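A.B. asks: Start from the sequences, fold in the hints, and give me the full structure.
Number of protein chains: 2
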Amino acid sequence: MIQASICTIGDEILIGQIVDTNSSNISKELEALGIKVTRMLSFGDDHDEIVNNLSNELRNNDIVISTGGLGPTKDDITKAALAEISGSKEYVVNKAQLKIVNEILHSRGLDVLDINKAQANVPDTCEVINNKKGTAPIMVFRFPAEKFGHPATLYALPGVPFEAIGALPDIIDDIKCHQKGLSDIFHKCIMVYGLAESALSKLIEDWEDSLPEDMHLAYLSNQLTGVRLRLSIYGGNKEDEERRIDAEFERLRPLLGDMIYSWQDDTLQNAIGAIFRGSGMTLSCAESCTGGEIAHLITSVPGASEYFLGSVTSYAVPIKEKLLKVRAGTIKKFGVVSSEVAVEMATGVRRLLGSTYSVATTGLAGPSGDEQNPVGTVWIGIAGPNGTYSVKKNYRNDRARNIQRFAASALDELRKYILRDLQMNMSSKRPAQH
Amino acid sequence: MIQASICTIGDEILIGQIVDTNSSNISKELEALGIKVTRMLSFGDDHDEIVNNLSNELRNNDIVISTGGLGPTKDDITKAALAEISGSKEYVVNKAQLKIVNEILHSRGLDVLDINKAQANVPDTCEVINNKKGTAPIMVFRFPAEKFGHPATLYALPGVPFEAIGALPDIIDDIKCHQKGLSDIFHKCIMVYGLAESALSKLIEDWEDSLPEDMHLAYLSNQLTGVRLRLSIYGGNKEDEERRIDAEFERLRPLLGDMIYSWQDDTLQNAIGAIFRGSGMTLSCAESCTGGEIAHLITSVPGASEYFLGSVTSYAVPIKEKLLKVRAGTIKKFGVVSSEVAVEMATGVRRLLGSTYSVATTGLAGPSGDEQNPVGTVWIGIAGPNGTYSVKKNYRNDRARNIQRFAASALDELRKYILRDLQMNMSSKRPAQH
Chain A
11 MIQASICTIG DEILIGQIVD TNSSNISKEL EALGIKVTRM LSFGDDHDEI
61 VNNLSNELRN NDIVISTGGL GPTKDDITKA ALAEISGSKE YVVNKAQLKI
111 VNEILHSRGL DVLDINKAQA NVPDTCEVIN NKKGTAPIMV FRFPAEKFGH
161 PATLYALPGV PFEAIGALPD IIDDIKCHQK GLSDIFHKCI MVYGLAESAL
211 SKLIEDWEDS LPEDMHLAYL SNQLTGVRLR LSIYGGNKED EERRIDAEFE
261 RLRPLLGDMI YSWQDDTLQN AIGAIFRGSG MTLSCAESCT GGEIAHLITS
311 VPGASEYFLG SVTSYAVPIK EKLLKVRAGT IKKFGVVSSE VAVEMATGVR
361 RLLGSTYSVA TTGLAGPSGD EQNPVGTVWI GIAGPNGTYS VKKNYRNDRA
411 RNIQRFAASA LDELRKYILR DLQMNMSSKR PAQH
Chain B
11 MIQASICTIG DEILIGQIVD TNSSNISKEL EALGIKVTRM LSFGDDHDEI
61 VNNLSNELRN NDIVISTGGL GPTKDDITKA ALAEISGSKE YVVNKAQLKI
111 VNEILHSRGL DVLDINKAQA NVPDTCEVIN NKKGTAPIMV FRFPAEKFGH
161 PATLYALPGV PFEAIGALPD IIDDIKCHQK GLSDIFHKCI MVYGLAESAL
211 SKLIEDWEDS LPEDMHLAYL SNQLTGVRLR LSIYGGNKED EERRIDAEFE
261 RLRPLLGDMI YSWQDDTLQN AIGAIFRGSG MTLSCAESCT GGEIAHLITS
311 VPGASEYFLG SVTSYAVPIK EKLLKVRAGT IKKFGVVSSE VAVEMATGVR
361 RLLGSTYSVA TTGLAGPSGD EQNPVGTVWI GIAGPNGTYS VKKNYRNDRA
411 RNIQRFAASA LDELRKYILR DLQMNMSSKR PAQH
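Chains A and B, in that order, are what the protein sequence lines are. Letter by letter, the first sequence follows residues 11 to 444 of the numbering used here. Letter by letter, the second sequence follows residues 11 to 444 of the numbering used here.
Rather than coming from a laboratory, the hints here were simulated on the basis of the structure. From a predicted model like this one, the values you see are computed outputs, not experimental measurements.
Which copy is meant is left open, because identical chains are indistinguishable; a pair holds if it fits in one copy or across any two.
Cut-off 25 Å, straight-line C-alpha distance, at most; resulting in silico cross-link-like pairs (SDA-like, lysine to any residue): (1) Lys212 / Val103; (2) Lys248 / Glu22; (3) Lys403 / Leu123; (4) Lys343 / Glu316; (5) Lys335 / Pro395; (6) Lys248 / Arg261; (7) Lys38 / Asp256; (8) Lys105 / Tyr405; (9) Lys212 / Asp275; (10) Lys38 / Asn232; (11) Lys248 / Gln27; (12) Lys426 / Ser310; (13) Lys426 / Gln274; (14) Lys335 / Gly364; (15) Lys157 / Asn62; (16) Lys38 / Arg411; (17) Lys332 / Arg361; (18) Lys332 / Pro395; (19) Lys342 / Ser315; (20) Lys38 / Gln27; (21) Lys142 / Gln233.
C.D. replies: What follows is the structure in structure tokens.
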């Protein structure tokens, strides 16, 4: 099996100033190719550290991918180390990258300084993959077997996650082109919301135990997207594998029902988009404790303007009353964090913006709760052409995580409500067609 | 200087299933003690991998902290590896940890299985720090100088972040007790918004060159918070160092002016909070292209309800007209993405919600632009008691990053506007006091 190591260069990682998310994203892609990641390693912006660590990883792996250590203010150290490892005597200008540097800075209305131009200089021993999202080029060093005892390739990527992840498809293409002995691997995912990973694994235990031996199941949990279930098969023929995996996932339908929100790698806001797009229906929201996060998630989907009319974040109580027409009596009788207020908020914003459906939240994200409700309580209200619905959820996280959970849960409840609503509508119409 | 390495044990890290956040949290604590973290390393749940990697790190460092590889289903491999490294011949029951295991499982209403009890068994070569948040004990191995060429200590922590971070204060106390030669380190940060890292480094080049030799400068860029500049001094006396770093940062004031938004590690939304808190002033916002992100950032600050009244996300044009009273004529004449519409949105939401200040955005986050404006164009409008203000910004990123840039930029413009406004107000009042 082809082995890889992922390295992170930079003092900012070692002193804990930033969390390394690149390595995890890169390893997911390598794993999807059937490449085994043996180690992940972080070390500092220091010539000897870079030379020694990268050389050692190249000795023990077929592929080494490094991120970081490249940027206008600290290019020098890393590039000099890469030049030493690869025996480069001089730097050359990569014209395509220089053009990108100029374009990026001009588009931002910035002057192109010498330190910006210098980013396009690379050791003459490397090939360049252009970084379209930033100024630092991706450098590819291919070492013959003599150097490290076996052929080895080093990919040096910038550390900015947006740029590193942006360059990843090109890196993966390069690996597919040049790396011999890649086995085929086939993956497919489904997305499940509403169960913790442990509860889900208990629920589908028998299904998991009955999977064919060559299928591998992986769980990935995320508070914004729920649990992703992934089935993989190494080797074999693509159409066959896809059909076999689909058949296994299909057996989950009776167990999980509408907790499955997508039959591919997806997000809740995309699933909402898929329901609304082309339907002529529109959506609005009213947010209290989620403070804009639901609207932010909905509008993170390109083309959301087709169905999303807008939202009101009613953080202060008078705004709930004045704008959303939540009755003062309702607040007094049931409290701000209540089923009644959630429903009146949803009804209010639906009427105010004139949307087909609306979703609203009122809750306590933290740090402090109130007398009736602990931190982590949220009421979700939904309004639509066939009535209203509300549901209470409890989480036990810090403020930032509670806000995310509340927002994701609101999207999920909205999704399930609309699907049930549309289904009931269809079935209630059906007898009339006889 | 005392050197440390942080290791993460577990296949789930290597295949990218989870992001390692423990290492970053641990290194922050070590750094605060003046301990230099030389490497961070992740490797798999495999006996030889664990023995070889941990031994190697112990050879090159005074302290090694590992997380992971301890849990009811995979205790065996890691403990056997630790027993081998430390030459342990048998396991002993740690009674205090066994009591905790029993208590935790009982409190969850679960039976105590043999694999749970086994968690309290540890190699006889280690000391135990009890894990109060989970079932796996923290094991401390102290190696004499003969073993690795210098005295070395290995702390083995569980991988669950909640447990690892929960145990950290005890680990730090143990290090302070046992580690000789701990030197002090002192850091301080300032936050700068509105300049790319390269432009900033050019602007403060002379200042950077003139820094005393024992001060180390680090840059950290983030699109939501701008650039963090950090000065560090190792050794010496804490009050002296703080005074010396303050004096150096003070010399940046004439160069950077109000681009410095905080004199400590901070965010723009916190800086906004600091302006509003206790002032009696209130804030609202109207969002188009940012779709809720500004409100989300503002409300991510605990206690934001003191000054943040709410917001309107007017994604559809009719909502801009109906709710925010943007005139149809203005939109027709200048286009939706224009200075005039940004100002009318800000004015409209300020009147609608009755806030002291308001900020609004209208722009094109992508993927597509319009005839007048390329993707990445945003107009920011601000309204307050002394008038209105608008400014245009251009970025060239993908949709998600443009939204973040737009939102951060709007917060920064709002911050600078209010500070200028308050200053003018004060100076216009001053002559009257004569």
